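Peer 1: With chain L's structure known, arrange chains H and A on it following the hints.
From first to last, the protein sequence lines stand for chains L, H and A.
Counted from 1, the first sequence has number 65 at position 65 by my numbering; the numbering is strictly sequential.
Counted from 1, the second sequence has number 405 at position 405 by my numbering; the numbering is strictly sequential.
Counted from 1, the third sequence has number 252 at position 252 by my numbering; the numbering is strictly sequential.
The list that follows gives simulated cross-link-like pairs (lysine to any residue, SDA-like), each with its CA atoms no further than 25 Å apart:
1. H:K415 - A:Q167
2. A:K86 - H:R391
3. H:K445 - A:I223
4. H:K445 - A:E131
5. A:K169 - A:P193
6. H:K444 - A:Y232
7. L:K78 - H:S32
8. L:K78 - A:R302
9. H:K444 - A:R289
10. A:K231 - L:D61
11. H:K356 - L:G40
12. A:K169 - H:V418
13. L:K78 - A:K231
14. H:K444 - A:G280
15. H:K445 - A:A292
16. A:K86 - L:R38
17. A:K231 - L:A64
18. H:K143 - H:S207
19. H:K143 - L:N28
20. H:K444 - A:E131
21. L:K78 - H:Q90
Pulled from the structure, derived: some chain A residues nowhere near chain H, Cβ distances all over 10 Å:
22. K86
23. H109
24. R172
Hints were generated in silico from the structure; no laboratory data involved.
These figures come from a predicted structure and were not determined experimentally.
Glycine residues also receive a C-beta, built at the ideal position from the N, C-alpha and C atoms.
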Amino acid sequence: MSEMVSFTFNGTDVKCEQGQSIAAAVINTGTLALRTTRFGEEPRSIFCGIGICFDCVVVIDGVANQRSCLIAAKPGMKVESSS
Amino acid sequence: MIIVIGAGPAGLAAAEAAARNGSDVALIDSASRLGGQYWRHRLTVSGFHSNRADELFAKVRSAQSITYISDASVWSIEREGQLIRVNYLQGGAESSLTAEKLILATGAYDRSLPFPGWDQPGSMTPGAAQALLKGHGVLAGQKVVVAGTGPFLLPVATGLAQAGANVVGLYEAHSPLRWLLSPKALLLNISKFGELIYYARLLRRYSLTPQFGRVVSRFDQGRVTISRVNSSFALKDMKSENVEADVVAVGWGFLPDLTLGGIAGCKQRVDSDGTAVFAVDANQLSSQPNIWIAGEATGIGGADLSLLEGEIAGLVASGQKVTSHLRRKRGAKQVFADALKRSYPIGDGWRSWSQKSTAICRCEEVTLGDIEESVVELGAEDSRTAKLFTRAGMGLCQGRVCSRNVAEIVAGLTKCSVTDEERIASSNRPIAAPIALGLLGDGKK
Amino acid sequence: MQNPDAIVIGAGIVGASSALSLTNAGLKVLVIDRGAVSSGTTGAGEGNILVSDKDPGPELTLALRSRDLWFEMQEDVGDSFELEAKGGVVVARLDDGPLMKLAAEQSEHGVTTEKLNQSSLHELEPFLHPEFHSGVFYPQDAQCQPMLAAAQVIRTVIARGGAFISQAKVTRIIVENSAVAGIETTQGIFKAPIIINATGTWAGELAQMAGSDLPIAPRKGFILVTEPTGKYVFHKVYDSDYVTNVASSDADLQTSTVVEGTRSGTILIGASRERIGFDGSMNYEILRRLAAQATSLFPILRDVQLLRAYRGFRPYAPDHLPVIGEDAKVRGLWHSAGHEGAGIGLAPGSAALITDAILGRQSFMDGSPFSPHRFAKVSV
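With the rest of the complex left out, here is chain L:
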């Protein structure tokens, strides 16, 4: 049984297994949309899943444009949708 990790996504608590990516963890809670686009404010979610498309980018602890499909969730991370 993997250790559990706790982080927040847009203020909401998310729990996931250690090693799971932020995107996987968020999607596992039933939320697909990870951010909205900067011009049309359209919701976007994971698309390529392997770090090529940058559609899954979120702000992690204040740093923008981080690919949530690649980055494993760490305890206490503050993750927010990019704008």
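Peer 2: Same frame as chain L, but now just chains H and A:
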């Protein structure tokens, strides 16, 4: 020392082969685990012939002379005299490695084609559904449609079904009869029949019936429109059916990421399917001295071929002999790969699926209408100009997803063909992964 | 197009502006380019329209008029190329003496300048490093999207009776009795008594085809483009080293610091100058230097990621002035080239100068400092 970039089948095979004779190898990869895309796993690799993967993982992990560097994004490659310097980002810091020799095995990613709603949450590549499931144990959605073209759809659909997803549809755009075009390929690769039977069994077990000659032509808030297409992928008639699904995983084969090889100055050519790839000789040697390239970057061919190319590159780079047996095996797989390309070509009828409001460049939200305007109103005659006018390809992914599609749309509008130069130039990116300006500047001499 | 009154070779911003100016003066103009619109240096710049970086002299006079003509051009062809009077902020790193001296001289010659102290500087640019205490604001500095501008201008030329042929490489310039008669290209032969050489960095090569010469050489520059990010930079911001670098003839690499935001949310960072011929290869050490300079101005940029970098070749003449005027040897061959890093800003002004000269009318300034005749020194 030999640096191997990419720890998928090609990179693993290259590292293992080079280490066999005692060469020191640094195996560097952007993921947290070995296996690349083809061999995604959390705990164990599953699927056909997965024991091969486990074997290689074990060998690479135990080899004393292989240093495995994970979670590392290579952002540039430079020459320093006889040495090659690989600059990478890891854990929020920049590091670099130098060596006399480099093997590039950076693999491929799903090729995507635009359709109305392809940018909505729930629409993703089969690779993404696979990555979530195999890499993170997460089902992307409850009801899933798998569509597109090519044999990769099979392990994705069956894998999802095995994990408990309700795969409500499996749609292959081509006719199954296309394989009759390539009897030699099938005969040379008898093992492929075993693989087919393996997946056929799984399809039956989960009551998955593939439907042919069909594509997802629209996705809107959980409603998937399935339309029939002709062999060029143009919509055949107005008849369509609607299926409910929260996830639609659509894939159209693969594209290699040529960024790093391009930075290293390796010459490219255009493959028979219009894909820009690297030109290598019979020993996997690129146009650059001491740089070998193996796997999908030399031409999309699947895991089997990648393994063989990787092994050959690893042997040659470490000064070992390559047997003619190995070369023959690679040749057989090459025949199969060519047959794959012939059997699952991407028809240009896909251009008719999009509407003016459909985003073509997802990153910069550039629509088909914007691109049409750049050609008709602003006089763009080639894709480079259309991109400069519309910003298509200038966003975060730097054109990896949209570049080829934009070029083909512009070619369709101007009634020209996409030139080889255009195909090759599209992958010209001096920065392979984003790097913080602070890190970049701190590294100055 | 049969029998144009003039042929403009080069569909970058300088060629496009020249074509528009001539068209508006009543001429039938054919524009040709060996590639597409803006496939040369116009497609590799930032879209700078500056008066701030010029010493008093003919180039500044040209720049001032040209800047205003940009806004007239927008009125003429339509607001479609993101023209914006953004304003420039030049900051002095250590000693602000030279900058203030320059600003004082510039303001005597028509440039609007506003001295900035610690507080007014940081009001304009709140994210600028607190150690900067002095600067000058140039409200006349402007910005555009040059590729869109050139494209829109060419469309206007076509709409007004002109023509444009792309992918037409000039293979021969037809000269009869020391005067141009036309050109041979890969897309046909075109006759005209007036030919404008607006080929920028390749203007010297083209002049040679006519049996003349033009000492224009490439000066390589890189630009960094960041990911789309928050609004941290509100004007064009650069340190006063920019001025010294432009006028220098050093063969070695020179870098200065130029930072600005764009409409799409990215930040552009320059600037480097190298005399390295047409070697277009990437140089990561230069990128590092530019990044370090930018973050020393705006520490917040340390966490902003570089997404891409591109390079271009600025066309320059040995005295760093553009070349505008009739060729010294071949009549009817007119040059408008060698604008170095100021091609965008100086384009409509150069177009006005050359149109006036061709039509034999008085212009807004004496164009002789730009004349190609200045190179035709008699060698003994």
